[in-house]
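> Here is what each chain is made of, one letter per residue.
There are 2 protein chains.
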Amino acid sequence: MAKVIELNKSVTESNDRDAQELREELKEKGLLLINLMSSPGSGKTTLLSRTITDINDEAKIAVLEADIASDVDAVKIESLGAKSIQVHTDGMCHMDAGMTRRGLFGMDLSDVKIAFLENVGNLICPAEFDTGAHKNVMILSVPEGDDKPLKYPLMFSMVDALVITKMDTKGYFTFDLDACIEHVKKLNRNVQIFPVSAKTGEGMDAWEAWLKENLF
Amino acid sequence: MAKVIELNKSVTESNDRDAQELREELKEKGLLLINLMSSPGSGKTTLLSRTITDINDEAKIAVLEADIASDVDAVKIESLGAKSIQVHTDGMCHMDAGMTRRGLFGMDLSDVKIAFLENVGNLICPAEFDTGAHKNVMILSVPEGDDKPLKYPLMFSMVDALVITKMDTKGYFTFDLDACIEHVKKLNRNVQIFPVSAKTGEGMDAWEAWLKENLF
Numbered sequence: 001m002a003k004v005i006e007l008n009k010s011v012t013e014s015n016d017r018d019a020q021e022l023r024e025e026l027k028e029k030g031l032l033l034i035n036l037m038s039s040p041g042s043g044k045t046t047l048l049s050r051t052i053t054d055i056n057d058e059a060k061i062a063v064l065e066a067d068i069a070s071d072v073d074a075v076k077i078e079s080l081g082a083k084s085i086q087v088h089t090d091g092m093c094h095m096d097a098g099m100t101r102r103g104l105f106g107m108d109l110s111d112v113k114i115a116f117l118e119n120v121g122n123l124i125c126p127a128e129f130d131t132g133a134h135k136n137v138m139i140l141s142v143p144e145g146d147d148k149p150l151k152y153p154l155m156f157s158m159v160d161a162l163v164i165t166k167m168d169t170k171g172y173f174t175f176d177l178d179a180c181i182e183h184v185k186k187l188n189r190n191v192q193i194f195p196v197s198a199k200t201g202e203g204m205d206a207w208e209a210w211l212k213e214n215l216f
Numbered sequence: 001m002a003k004v005i006e007l008n009k010s011v012t013e014s015n016d017r018d019a020q021e022l023r024e025e026l027k028e029k030g031l032l033l034i035n036l037m038s039s040p041g042s043g044k045t046t047l048l049s050r051t052i053t054d055i056n057d058e059a060k061i062a063v064l065e066a067d068i069a070s071d072v073d074a075v076k077i078e079s080l081g082a083k084s085i086q087v088h089t090d091g092m093c094h095m096d097a098g099m100t101r102r103g104l105f106g107m108d109l110s111d112v113k114i115a116f117l118e119n120v121g122n123l124i125c126p127a128e129f130d131t132g133a134h135k136n137v138m139i140l141s142v143p144e145g146d147d148k149p150l151k152y153p154l155m156f157s158m159v160d161a162l163v164i165t166k167m168d169t170k171g172y173f174t175f176d177l178d179a180c181i182e183h184v185k186k187l188n189r190n191v192q193i194f195p196v197s198a199k200t201g202e203g204m205d206a207w208e209a210w211l212k213e214n215l216f
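Protein chains in written order, with the numbering used here: chain A, 1 to 216; chain B, 1 to 216.
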């Protein structure tokens with residue numbers, strides 16, 4: 001059983017200010033906060049598991065798992081030797097900066113270089129709330145289809161990086177990577193795109209190099 | 001280009017009453033309304049396409065496509081000869097009864113026996129709003145994983161039927177069908193479960209028989 005914190009809406013209404021304060025405070029501590037957003041089942045936890053296995057020795061990782069219910073993800077992450085905490089959002093479809101702060105500081109963060117917020121699985125609401133992260137990353141899995149940028153434009157337009165997961169299943173689904181990248185670039189010219197398979201390891205190097213470049 | 005209606009939040013606050021009125025009115029017209037909910041990319045449109053091909057001659061189908069943006073789904077459905085209309089939710093993460101009414105009555109519904117509302121791709125918010133549908137159906141695709149009932153319990157607990165899609169990919173992913181069904185049945189003892197592949201046709205008979213049983 002992982003440690004679980006029950007959260008609900010932050011008391012303050014000034015989320016943008018809270019987010020900015022959290023971002024600066026974490027930077028001073030030398031802690032990079034990455035907000036990971038995606039649909040349910042896109043492979044966030046599997047991507048994190050592989051990332052932890054690959055680089056946790058170089059850059060210590062902690063994971064804040066946000067879900068409506070359950071602690072299955074936090075238990076998986078802890079089994080890999082990384083720090084993890086589960087937060088429950090009281091039915092809410094996103095995390096805000098106050099919730100992120102309470103979750104993060106529920107962990108011992110000494111020596112931690114990268115904290116991932118694994119946001120609630122949802123392509124809509126999390127895009128609307130600044131969590132205080134330094135980088136926003138979206139995950140799209142091959143089985144979801146290459147048309148998702150057309151349907152959820154806000155999410156694709158506001159992220160710093162897009163990780164396209166489950167690339168090992170590309171032969172099985174009709175997923176046009178070039179078309180997908182073209183849709184995304186129309187919404188967000190500067191986004192970094194990393195096609196990966198956490199299963200085979202394909203593309204993980206580039207994603208992990210990007211993380212390390214962004215360390216404080 | 002499909003016909004598109006731009007919607008925003010209904011004027012009335014009494015969604016439950018509106019939903020009940022819509023449900024009764026449609027029943028009088030002999031029109032079954034099915035609310036389809038799922039994650040983005042779970043295969044709602046592919047399931048509908050196959051269902052239209054299989055039973056549109058027996059029971060005429062219309063589809064109300066709800067999305068934040070784009071009309072790709074409505075265009076696909078129309079190409080199969082079914083009636084379809086696209087509604088945009090003005091960034092909202094769900095449909096309510098008033099929005100459903102406006103979308104539905106934007107179509108010519110004469111002779112239509114089943115109207116599907118393809119709700120916004122999201123496992124959280126749509127579960128909280130009664131759309132006026134007679135039956136609520138959730139779609140979970142094999143690539144999303146068998147642990148989703150643990151993470152999104154409200155959605156699984158409130159539906160009449162669960163369609164498990166992309167069963168043809170089961171050999172490729174670690175998806176334990178028995179474990180998934182067990183999780184679901186703990187939340188919802190009476191739910192009908194239909195494992196299907198719209199690609200191979202596996203299981204489509206049972207799903208379509210259930211639809212036909214529910215016709216008015």
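Since the hints were derived computationally from the structure, they do not count as laboratory data. Check each hint, because a few of them may be wrong.
Below, a list of computed lysine-lysine pairs in the DSSO-like style, where the Cα atoms sit at most 30 Å apart [stated by the list, open to error]: (1) A/Lys-212 <-> A/Lys-27; (2) A/Lys-76 <-> B/Lys-186; (3) B/Lys-135 <-> A/Lys-199; (4) B/Lys-199 <-> A/Lys-199; (5) A/Lys-185 <-> B/Lys-76; (6) A/Lys-170 <-> B/Lys-135; (7) A/Lys-185 <-> A/Lys-76; (8) B/Lys-186 <-> A/Lys-170; (9) A/Lys-76 <-> B/Lys-76; (10) A/Lys-186 <-> B/Lys-76; (11) A/Lys-185 <-> B/Lys-186; (12) B/Lys-170 <-> A/Lys-76.
Pair ranges (Cβ atoms, derived) [what the hints assert, rightly or not]: (13) A/Thr-53 <-> B/Asp-16: 34 to 42 Å; (14) B/Phe-216 <-> A/Asn-214: 39 to 47 Å; (15) A/Leu-154 <-> B/Asp-111: 52 to 60 Å; (16) B/Arg-102 <-> A/Lys-186: 40 to 48 Å; (17) A/Val-72 <-> B/Thr-53: 47 to 55 Å; (18) A/Ser-14 <-> B/Ser-110: 51 to 59 Å; (19) B/Phe-216 <-> A/Glu-202: 29 to 37 Å; (20) A/Asn-190 <-> B/Leu-109: 42 to 50 Å; (21) A/Asp-176 <-> B/Leu-109: 19 to 27 Å; (22) B/Gln-20 <-> A/Asn-190: 30 to 38 Å; (23) A/Thr-53 <-> B/Thr-200: 31 to 39 Å; (24) A/Phe-216 <-> B/Gly-201: 48 to 56 Å.
Ideal Cβ placement from N, Cα and C applies to all residues, glycine included.
> State for each hint whether it applies.
Verification of the supplied hints:
1. A C-alpha spacing of about 15 Å is found between A/Lys-212 and A/Lys-27, which places the hinted pair at or below 30 Å, so the restraint holds.
2. For the suggested pair A/Lys-76 and B/Lys-186, the alpha carbons sit about 23 Å apart, so the restraint of at most 30 Å is met.
3. Between B/Lys-135 and A/Lys-199, the direct Cα distance comes to roughly 38 Å. Violation of the 30 Å bound is thereby established for this hinted pair.
4. For the given pair, B/Lys-199 sits about 25 Å from A/Lys-199 by alpha-carbon distance, which is consistent with the 30 Å threshold.
5. Our distance criterion of 30 Å between C-alpha atoms is met by A/Lys-185 and B/Lys-76, whose separation comes to about 24 Å.
6. At roughly 34 Å between alpha-carbon atoms, A/Lys-170 and B/Lys-135 are farther apart than 30 Å, so this suggested pair is violated.
7. Annotation: proposed proximity of A/Lys-185 to A/Lys-76 is violated, straight-line Cα distance about 34 Å (limit 30 Å).
8. Of the pairs offered as hints, the one joining B/Lys-186 and A/Lys-170 is violated, with about 34 Å between alpha carbons and a cut-off of 30 Å exceeded.
9. Annotation: proposed proximity of A/Lys-76 to B/Lys-76 is violated, straight-line Cα distance about 39 Å (limit 30 Å).
10. Under the criterion of a C-alpha separation no larger than 30 Å, the hint pairing A/Lys-186 with B/Lys-76 is consistent with the structure, at around 23 Å.
11. Of the supplied pair hints, the one linking A/Lys-185 and B/Lys-186 is violated, its CA atoms being roughly 44 Å apart against a limit of 30 Å.
12. For the hint pairing B/Lys-170 with A/Lys-76, the CA-to-CA distance comes to about 22 Å; that is within 30 Å, so the pair holds.
13. In this structure the hint that A/Thr-53 and B/Asp-16 lie 34 to 42 Å apart at CB is violated, the actual value being about 49 Å.
14. A hinted range of 39 to 47 Å is violated for the C-beta pair B/Phe-216 and A/Asn-214, which are about 58 Å apart.
15. Evaluation of the 52 to 60 Å hint for A/Leu-154 and B/Asp-111 yields a failure: the beta carbon distance comes to about 38 Å.
16. Between B/Arg-102 and A/Lys-186, the C-beta spacing of about 30 Å breaks the proposed range 40 to 48 Å.
17. Taking the beta carbon of each, A/Val-72 and B/Thr-53 are about 37 Å apart, not inside 47 to 55 Å as hinted.
18. For the pair A/Ser-14 and B/Ser-110, the beta carbons lie near 53 Å from each other, so the given range of 51 to 59 Å is met.
19. A C-beta distance of roughly 51 Å is found between B/Phe-216 and A/Glu-202, which places it outside the suggested range of 29 to 37 Å.
20. A hinted range of 42 to 50 Å holds for the C-beta pair A/Asn-190 and B/Leu-109, which are about 46 Å apart.
21. For A/Asp-176 paired with B/Leu-109, a C-beta distance near 35 Å fails the hint of 19 to 27 Å.
22. Remark: the range hint 30 to 38 Å for B/Gln-20 to A/Asn-190 is contradicted by a beta-carbon distance near 49 Å.
23. One distance hint, 31 to 39 Å for the beta-carbon pair A/Thr-53 and B/Thr-200, holds here, with the actual separation near 35 Å.
24. Checking the proposed 48 to 56 Å range against A/Phe-216 and B/Gly-201 shows it holds: the Cβ atoms sit about 54 Å from each other.
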